[in-house]
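Undergrad: Sequence:
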Amino acid sequence: MTEALELFWGNLSDFMVWNLFLAIIPCALSFILFAKRSPKRLPLNPIWWFGLATFILFLPNAPYIITDIIHFVDDVRMPNVSDNGIIFILIPQYIVFILLGFQCYVVSIMKLIKYLGWLKIIKNTTWLEVSINFVCAFGVYLGRFNRLNSWDLFTNPLNVIRNTIYNFASPNFLFGTILFFITFTGLYYIFKWISMSLVFYWQNRSNQVSV
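Counting in the numbering used here, the sequence shown runs from 13 upward without gaps.
You may find that some hints are simply not true.
[What the hints assert, rightly or not] Result set (BS3-like, lysine-lysine): computed pairs, CA atoms no more than 25 Å apart in a straight line:
1) K135 to K204
2) K126 to K52
3) K126 to K204
4) K48 to K126
5) K48 to K123
6) K135 to K52
7) K135 to K48
8) K204 to K123
9) K123 to K52
10) K52 to K132
11) K132 to K48
12) K48 to K204
13) K204 to K132
[What the hints assert, rightly or not] DEER-style ranges, computed between Cβ atoms:
14) I190 to V88: 25 to 33 Å
15) W130 to W61: 17 to 25 Å
16) T66 to K126: 13 to 21 Å
17) W130 to S209: 18 to 26 Å
18) D26 to K52: 44 to 52 Å
19) W214 to K135: 37 to 45 Å
20) S209 to R159: 16 to 24 Å
21) K135 to F100: 21 to 29 Å
Keep in mind that the hints were calculated from the coordinates and are not lab data. Virtual Cβ for every residue (Gly too), placed ideally from N, Cα, C.
Given these sequences and hints, build the entire structure.
TA: Right, here's the structure in full:
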């Protein structure tokens with residue numbers, strides 16, 4: 013158990029806190045950017061548009077957390093980690109970490125979709141949700157295999173362009189992107205359904221209590 017606890021704290025300080033912070037950024041921005049306001053139209057404020065650009069750039073960081081499962085594989089292969097340490101410490105840690113990160117992703121998209129629906133900009137939201145999942149799958153591939161960050165688009169755009177062009181010549185790029193896309197899309201609709209069900213339950217319960 014001691015070795016598992018050391019890995020637990022090491023994971024927090026190594027990548028979990030930082031990656032979860034990056035996942036929270038688009039979620040937090042979604043509550044600020046996509047709040048209903050008057051007049052009922054897209055804001056003209058350049059700060060809002062800068063925030064929207066930041067939201068788009070950081071959004072792939074949320075589903076990226078799923079790929080951190082590779083660290084779990086490395087952890088369980090450590091020779092001194094006991095089965096109890098894996099079951100009661102490492103598995104719960106990774107489950108909570110991944111669930112929180114991906115829930116940030118789902119909430120971010122749901123807030124965006126609800127906002128665009130409120131503005132009556134879109135009617136059929138499925139194509140937009142699928143498109144977002146595909147773009148994020150592409151971004152996650154760049155992050156996981158090319159080690160690019162969201163801010164590289166500003167700090168080193170030529171490197172981003174070079175890596176993107178290079179990836180199109182690699183068969184692993186197409187396979188990896190499609191695999192991420194299928195995974196993100198499937199999990200997104202599962203998480204979305206659960207989230208909507210919970211909201212519906214609590215709203216009904218609150219109405220029953222008030223009555």
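Undergrad: Checked against the structure, which of the hints given earlier come out wrong?
TA: 19, 20 and 21
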